[in-house]
Amino acid sequence: MSSKTINIIVKIWRQNGPLAKGAFEEHALKDISTDSSFLEMIDVLNEWLTIKGLEPIAFDHDCREGICGMCGAVVNGTAHGPDKETTLCQLHMRRFKNGDTIVIEPFRSQGFPIVKDLIVDRSGLDRIIQAGGYVSVNTGSPQDGNTILIPQHVAEQAMDAAACIGCGACAAACPNGTPMLFLGAKVSQFALLPQGQLEAKKRAIAMVMQMDKDGFGNCTNHRECEAVCPKGITIRNIARLNREYLKAAFTIDH
Amino acid sequence: MQLDAKIPEGPLAEKWDKCRFSNKLVNPANKRKYEVIIVGTGLAGASAAATLGELGYNVKSFCIQDSPRRAHSIAAQGGINAAKNYQNDGDSIFRLFYDTVKGGDFRAREANVYRLAQVANNIIDQCVAQGVPFAREYGGTLANRSFGGAQVSRTFYARGQTGQQLLLGAYTAMMRQVAAGKVKMYTRREMMDLVVVDGVAKGIICRNLITGEIEKYSAHAVVLATGGYGNVYFLSTNAMASNVTAAWRAYKRGAGFANPCYVQIHPTCIPVHGEFQSKLTLMSESLRNDGRVWVPKAKGDKRHANDIPEAERDYYLERKYPSFGNLVPRDVASRNAKQACDEGHGIGESGLGVYLDFAEAIKRDGLDVVLRKYGNLFHMYQKITDSDPTKEPMAIYPAVHYTMGGLWVDYHLMTTVPGLYATGECNFSDHGANRLGASALMQGLADGYFVLPYTIGNYLATVPPVPTNTNDPAFEAAASAVRDQTARLLKNTKEGKAGQTVDHFHKELGKIMWDDCGMARNKAGLEHALKRIPEIRAEFWDKVIVPGSGQELNQSLERAGRVADFLEFGELLALDALSREESCGGHFREESQTEENEAKRDDANFSHVAVWEYKGQGTAPVLHKEPLTFENVTPSQRSYK
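Chains D and G are the protein sequences, given in the same order. Those letters in the first sequence? Residues 1 to 254, by the working numbering. Those letters in the second sequence? Residues 1 to 641, by the working numbering.
Everything labelled a hint here was simulated from the structure, so no lab data went into it. We put the CB at the ideal spot given by N, CA and C, even for glycine. Be a bit skeptical, because a hint or two may be false.
To be verified - Here are some chain G residues pointing at chain D (derived, C-beta under 8 Å): (1) N85; (2) Q87; (3) D125; (4) R145; (5) S146; (6) V272; (7) F276; (8) S284.
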């Protein structure tokens, strides 16, 4: 591990509430270790602000291992920053050069009202899951796990889709502000597995309806979501969602 | 404090059946009249919320994050154990039970561990039914791998994301109950206190993290599924928001705290890189299946690893433990890494690291095979450290990972406060002094899906099914105490006093905990910690800077409250470690070791659960002992030579 340090300038979004007027604030940061993660760089800024008696930047984060989906911001115009398949917490400062200016702003989407600074309200994603993103099975004594065989490649495809961490970067990157990649991933996981197929039709329609209700946009194949997804979810999942939706729309029994 | 573990009489294998049969039942029509508060939405909390909702109870579920799906269970990589014996390799419920009791160094209750092994198989079936995409064999059956030194292959997994997939299973089941109106979700809420009325748990006080409002919630029973306390060390593999506050407040309201000194320190984490490091990252211990651990033979050798010739390397685990080699249990591997570094053989700038080398595996099996097994871990390692483990050895060092201690619970998972339950990592019950790999997920889901839903009814059946409210003065008293604490935390900054940030004090505490109550402990060190912690605590209250107000989203204030509780809790941990004058599992007292420097238990004097009772601010807590008796296994000295 090399331990270099760099000096940078951050332009970071400050906004004191959903309806408050926001603006960029500029800070010069000195001697940032290139081994630091991006969030540790914000920690350093916050410690400095606190000592100065100023309010630190509010930002969401938790596991700092790239799996909980809590963190996220737009860095120099890209959700989760410049590295492919990387959450903000796994972005490291060695990615930046001495003297760089880094612009940091919250995820922006019609469906994600700003709470404070970099924190946004992503509860719309939970409501989409509540609409049908589950298998209706009660806890009890289901049959033995090996009763229904699932081909390995199908299980793997389902896992590819299930890897979504629900961070919302897809909606933030999309010009239409749609979380269709998130939605497509959940619909795909269950459409692929026999356990989920019984409710496939109802699920696809209910989840899309909820997405519309929450003010999110729709997919027009810009593929921006795929480019920023930290878990490498492909838009094939949106294609599968569309197929499931169409199939359901034409054949569902009301 | 009365400790009645309520373990049913009779043969081990029949105890759980007996308990279920003797439990009182709640009339199905009455279930809708009961409310249950569940704090935490990790595996233990989400599974309980979903299941109780399905049964017809009204659940109020609370989480600290913006969504219940983000609880730290999500970070578990390796897998979940169950004695399905799908591999036909001789596994059985009794073997899973035995391995778990032995792995815990004979400091867990037989009856609880046996029940855990019994219900583990149901967990796998339940998760498959929910659509959890477990790994499969070509023929479509569920795949297994061996893990954590077990001699059978009993670990089910979903790539390196098993915790995430199991949590999403429980989360989606819970979301279904939210849609059905049986679970009401309260996100971005932090539990600040437990409300006890006439000795019985009746509700909680929360801080709404968005508005800052102090809120009161009532219910017929309260369940804490709030995880472990590893962040008392500042640096750990826990998530940033993981904290002890809920459990600590319950302790201060009368719940016994058991074995706080049992902390698991995981051997394969990425070493600390600098003073601004905020957390540590775990690398799955499966890496030790092929990686060889070594340090330079010469002290202070700062050459690049690849420039150190074979003859000048010390593969110390292989040398000391010829039969287990690099696969010794977590506690043994961690202690040996510390020893090598203490003796001056540590690597890297800090000298706090050892090598984990894949060169031989790559030469033997080919790069392809090694990458297929560990590619994602290598990728993660490279992203964090900027070093390629296929070209030079990984640097690793132990880090705090899991806490076996927690709130004392009886066989029903009820604490010493009637109506208050603790599940998952938050309780102390199943792992003894050391947890085996792939057992945390098993315990969290066992508690939530298959134990609590049976035992909580036994309590609720004794509580009148009348609506609850927050009118009792105890609610307002607790809420106003929380408001007072907030005011105290904000006071220094309001008065314009110069001071230090919350993190500054947290780091000070963490350093003491790590140095004096870490991988190896001794009397002098623990006494030093017991002297220093109150000093840091006093300084914290005198000097901490917390900008902003209490009536808004204020992350500094959130952290300050958590650190204030860690500063009290750390003292109890050190006290427990001091009073347990033996070594067992993750608790290594230097005074109690064999001639070969291995942990030496003292069954004659310490075969008990240490349960601490709060006696008020400034008064020493009282130690109670629940004796541990072993009727089905014989405690033996662990040996990995």
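Requested in this report: Identify every previously stated hint that the structure contradicts and give their numbers, smallest first.
Outcome: 1, 2, 4, 5, 6 and 8
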